[in-house]
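Residue numbers (the numbering used here), protein chains in the order written: chain L, 95 to 405; chain G, 11 to 567; chain E, 5 to 497; chain Y, 177 to 398.
None of these hints come from the bench; they were simulated from the model. Take these hints with a grain of salt, some might be off.
Which stretches of chain G does chain E cover? Using the computed rule of at least three CB atoms under 8 angstroms from a CB of chain E, they are [stated by the list, open to error]:
| # | stretch |
| --- | --- |
| 1 | 139-152 |
| 2 | 179-186 |
| 3 | 193-206 |
Positions of the beta carbon are idealized from the N, C-alpha and C atoms, including for glycine.
Single-letter residue listing:
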Amino acid sequence: MSFIIYVLINTVFVLLISPLLMGLIKKVKALAQGRRGVPLLQIYFLLAKLLKKENVYSTNSSFITRIAPYLNITFTAAASLFVPLVFIPDPVAGIGNVILFLYLLVMAKFFMALAGLDAGSAFGGMGSSREMSISAVIEPGVIIVVAAIAFVLKTYNIPQMFALTLASPIFNSATLLLISISLFIVLITETSRVPVDNPETHLELTMVHEAMILEYTGPNLALMEMSHAIKQTLLMGLLINILFPWGLATALTPGGLLLAALMFFVKSLVLAVIIGLFESLTAKWRLFALPKLFMLAYALAFLTIVVELLV
Amino acid sequence: MALLVPSLIAYALACLLPLVFLRKDNKAIRQVSYGLILIASAFLTILALKIFISNQPISAVLLQITPGLGFSVFLDRLAALFIFIIAIVSVSFAIYSFNYAEHTGSHIRKNLLAAFSGLFILSMVLFVASGNIFSQLLFWELMSLTSFFLVMFDYEKQETQKSGLFYFVMTQMSTLFLMFAFILIYNITGSFDLQPLSGASPAMQGVIFVSLFIGFGIKAGIMPFHKWLPYAHSASPSNVSALMSGVMIKVAIYGLVRYLVFVLEPELWWGVVILVFGVVSALLGVIYALKEHDIKRLLAYHSIENIGIILIGIGLYVIFRAYGLPELAFLSLAAALFHTLNHALFKSLLFMTAGSVVMVMSTRNIEKMGGLIKKMPYTATLFLIGAVAISALPPLNGFVSELMIFQAFFQSFSLGSPSLIILLFIGLSLFALTSALAAACFVKAFGIIFLATPRSEEAANAREVAPGMIIGPAILAALCFLFGIGSYQIFTYLGYHLPIPDMLVISLILIGFLAAFLLAMRLVSNRQKRFSDTWACGLPALMPAWNTPLPVFPTPY
Amino acid sequence: MILLSYIIFGAIITAVLLPLALRSRNVSANSTFLNNLNFLTIVHSAGYLGITLYIMLRVPLPAYYFKHYLFIDSLAVYEVLITSVIFLLASVYGHGYIKSLLRAGELKAEMLGLYYSCFNLLMASIVFAFFSNNLALFWILLELTTLFSAVLIVTLGARENIVAALKYVFIASTAMLFSVVGLIILFSMTKQVNGTGTLNWSELMQSAAAFSPSAFVLAFAFIFIGFAAKAGIIPFHTWLPQAHAKAPSVVSTILSGVLLNCGIYGILRLYAIAARTPSQHTVSVILIIFGVLSMALAAFSMLPRSNIKKLIAFSSIEHMGLMLVGIGLGTFTAIYWTLFHILLHSLIKALLFFSAGILHRQYESNKMLEMPNALRLQPLASWGLIIGSIAILGIPPSPVFLSKLFILIQVGAYSPPVLFLVLVLFLIVAGAFTFLLIRAFSRHTDDNIPTYHAHWTMRMPIVALFVMIIGAGIYLYTGLGDILTQIVTGLGF
Amino acid sequence: MISPLLVTLTKLILVLVLFSALLIILQRNISSLFNLYGAQSLLMAILAFMLFAHNGQVVLLALAILTIITKVVIIPYTLHKVQAGAAIKRDVEFRYLTPVSSVIIGIVLIFFVYYVLGKVLPTGDTLLTMGAVIGVSLSLMGMMIIFSRKKVITKVIGYLVMENGILLFSLFMAELPFIIELLIIVDLIIFIMLAVVLALGIDSTVEDFNSRLTAFTTWLKR
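The shape of chain L in the complex, shown without the other chains (with noise of 0.2 angstroms):
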């Protein structure tokens, strides 16, 4: 029962804040470059916008994009139950297995991929074969540096990590704190964000998640929009709640959860920042410049394994 509950209010916290975070960091990319920058809803205003919207197909087209953007929400959303945000619950079924966590947001990219592929046209091949490559080879990093928390932690579910972090005091352990830069660099790229990608441009030969998504207009772009922000939510809700998992509800209160929930957005709030300052300070890299970054995320990692083994 208390799992049904879980379900709904991590859901729901999640559709909720997802659109805001969104716009939480353009309109730090905004400040940071001396512009007024959209207002702070205007991801909401834009989503309802494109659900009045018609949806338009490509006569190439086949049922590849009709329901690539209903998986990728679904797959996504499921991802979301993986990652508590404001409650921590008991564990069921397996529910906030790291692995199948990744995975589940792979399956998201995955089919996202095909819509790519699917219109016959020049640029979505192009995103979804450069987005296939770059989650290749990002994917070592993402995993060592999951198995590096699972290896100072010694467990690999989301939900008891955090419990766990939220047990000690202050940092569980300072090699915490190595992961957390990979972690956010992985997160950087499964977000789409320079230096790996460009969220802003449209029409330009580097752009990879915005080519994937070219073709889809209306409620299919919504959920296509809506899903990439829930994945933006859930990365930075996994660090966030690793490295200062305070104020997370263990118990279900209404006073607990909305302090979580409070908690959570002031959190989110620096992480946006933060994020938002990194992208206005860095260039786009060349695609054959990434692997260097990725290198980067993955020697941390690996420095934790280590580091941990060693004390």
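Mind docking chains G, E and Y on chain L? Use the hints.
Here is chains G, E and Y on its own, set in the frame of chain L:
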């Protein structure tokens, strides 16, 4: 027993019947032959399931030639699992072949194809069922021989000749090492029976292990003994490729596991060797696959990759066993065996659907295809299911077995030796890379073959294939779902309590979310739709050649 | 006096046949003359087969004749059985084959008489070689077989045939002269032990234990040279590939299937003596070394081959090497399976050469690159070659698998490194066979090549051999096994 | 036991035999080869006769007579006759070995054989040792001729020398039963004939050769 012998006889009949009427061009004879294979395989599936569920080994002597020399049958859970793999793929194979085999060359060749297929399956079943070394060796060779003839099916093609020669030499090399090992074992125990080799010195055991590993490894397609595999699998008819890639290389895995678990006393360094070879095979296999433009060779390279993954599981098993961690060892072994089953299912599925495509297109070059999803929707869907499964994406079966391996890896902190842990983590990261590259590769493969616009005349004129060629793979696709979603329940039912997520719950949640989102979108969104051409950068029409993804697949590091 | 029947029978046939043969000058392919010669040859070999079967079933063994110069024991009968089967098939096959050669003009009509007389004489001399208890007598008959078979090789009259025959004659006879040296030493050794010298095998077996080891090894080495040359063991093998490849296929069959056996038979008899002397170990080592070397040389020589008959000839060298190893191991199991291997080797070699013969008639060539559309034009012969190759490589369901496996097991017990080496050699051989067969049978041409219609007498033996090779496996468990056991115990193992 | 004179004589003849073998190695003229061979065979016969005179075994006498008839008379005669029809008179082609090096190797061979046989043969009987050693050496020298000469006709001579060596060996080691000796000799003669005919075939055209072979057949069955 009651099911086994009639099945074997049915296979033998399926082989003999077309041979007797070799010169007759009679479709009915071939249909009967494939029908016999179908029935026998169905029986064997039941038998395997019975043994698997009851966990009561069957042991019997089929034919005693002289004392100490004969054909005996020994079926325990391990053997039953592999019998199940062979049988279930054969069921699908038979259904697929009803239609497919009619498109392959002259009538004598069609008859020969049916005959050799029967013999091939028979020899694989008998190898797995063999209760002693002698019959194992015998049927191993028979299997190699029949598969060689199947590879040589299009013997007039230059390419096939090369493949055939390569294949034959490699199988003989594998026999060489196996014979060496078997004879050493025989000379230690003094009998052909499969029994623990407790008396032998560690050095001797090491020699036996190395030669067994090479012998089985060649057949399984482990790097660097893999060279034959892409050649052979692409040269043979597609239904046979499905058998070879789906089943035959698994038979080698069976041999390896059988000897590691029941006969030899593994040491730590064996596990490290297996693990290293596994990681290398997995990684290089998938990298080769990425470069490939021949669809069947692409799939063949993925077989190498998956064999690598299976070996990683076996290697972990040996390592954990050497460290006295039975639970982790069991998890790794279960992962390896489960992945063996899963790979058999989705690889056969992929080979069959790819075979349909190749048959329609008369080319194996994927750059000539494109847009087939609209002409062959069922085939495309089946291929997609296979692609999702092989890319290890939830909730299908391929994911579950890879997840188990990941979990085994993650728990390697319980090992004592730091250097070993470092090694395992390097292995883990490369394994992750493999898995991601596989997904990338199948996005590419599925995208180029089925999506976008046709890039050749044949692709534009393609037609959906006959029902048999849909139903056969569809069985496998259904099983991919079953073994993915029901994995936790199945393991629990069999009495193995493994710490894996309950995919049934996950799937229910997924369905729930999907339904919710569909409903929500129905309520809030604009449901109008419009069709329009893809934006072609302002040019009058889209060039088909554009939608080939750039070959931007940087080699990692 | 069953042996007498052999002699009388052989004498009658020869008496009828030789004068007939000598009259041959210009005869056409369909003449009754040729048919008569053929018929007599078939009767001759069938007669031997009949008598041999009678002996196997009825006569208590061993039996001695002519002051123990001749004798019949189970090993001899076994070898004679193989010989007469191969000869019977060869003479049936020869019926169509010789006619075909005559028509093509490759065989001159004047040669027919020579061919048939030597064929029959060769048969008789081989049979009696197996029956001789006396090693000197055995030696003489063996020399005669060289002579007759050399003549058979040159009946085709081509220059390379003469070269091949000369090479054969010189190498075999030169080596055989060394055997005489060995025999003389052996003779003087028995004289020292018993007072009177003897070369009778049965008596040698009894006095073997008292032989001085070094002298016996010397005698063995000398005798071995001669017998090894007959068996095509390295380094006396150089005659073999050429002779086997150039001879007409009927003769190749005899050379490979029967004549090589004579050499191996001699070595086996000798080893049986050696096993009772203190020098058994040394002799074993010699045999195993030469056996492995032969296999190695054959294997490496097979790789670049493009001539089918040459490949088969090298395969014979390889198998002789294996048999030598089997004998050298000297255990009951090893000898038992070596004997079985001898039978199968003869049958399969016959199958291979018969098939190659038909292909040669079709394409007038033995080269792999000159046989387009072979599987379509000559399915029987092609499949004969393919199945024969599989059989000779020892891949199941070929019964050779059994003998190979068990000999290898014994090798493994003797020394694992040697086992590994032998296995590698087998791999090379398999590769060579596959390479050649694949290349040969995958040639394709759109030219319309007229099909050569092989006479039924050429096809029938091939089918019979298919049956017999499979039958040999079944027979092993229904009777042959007992016979082999009897032979091996008879040899004193 | 054996009279010293006889021993000395025997030794002398043995040395002569060896000398004749060396001459054969060096000789290039083919008809001289035949003559040398005839002389060597005569020495054999004399040896056999001397041994007969010593121990009175009839076998040896018969052997001596047989040797004279076949090897001194028939074989050289036939060879000469056959040679008359062939084109070649001299054999100047060699493989592997020149005659001089052959002689050197021949001497080495003798020492080698002495070393090997010395280990096996009963010590003390110098005559027996000498006979055996020279017999085996002679065989080996014959083999050397077969290997080093290219013309078949000289190969035949080499073969005959080998056979003489073996006769020598058997004379000293042990007397085989006469029937065996006889059979061996008959065997060899047939063999020589065949070799000669074939040798001619190789030096003439194939058609010519065929008729010769037929003639040989007729002779064989006479």
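Status of the hints after comparison with the structure:
Under a criterion of three residues with beta carbons nearer than 8 angstroms to beta carbons of chain E, the stated coverage of the stretch 139-152 of chain G is upheld, 6 such residues being counted. Note: the stretch 179-186 of chain G has 4 residues with beta-carbon separation from chain E under 8 angstroms; the three-residue rule is met and the coverage holds. Only residues whose beta carbon comes within less than 8 angstroms of a beta carbon in chain E count, and the stretch 193-206 of chain G has 4; three or more means the coverage holds.
Against the hints set out earlier in the document, no violation occurs for any number.
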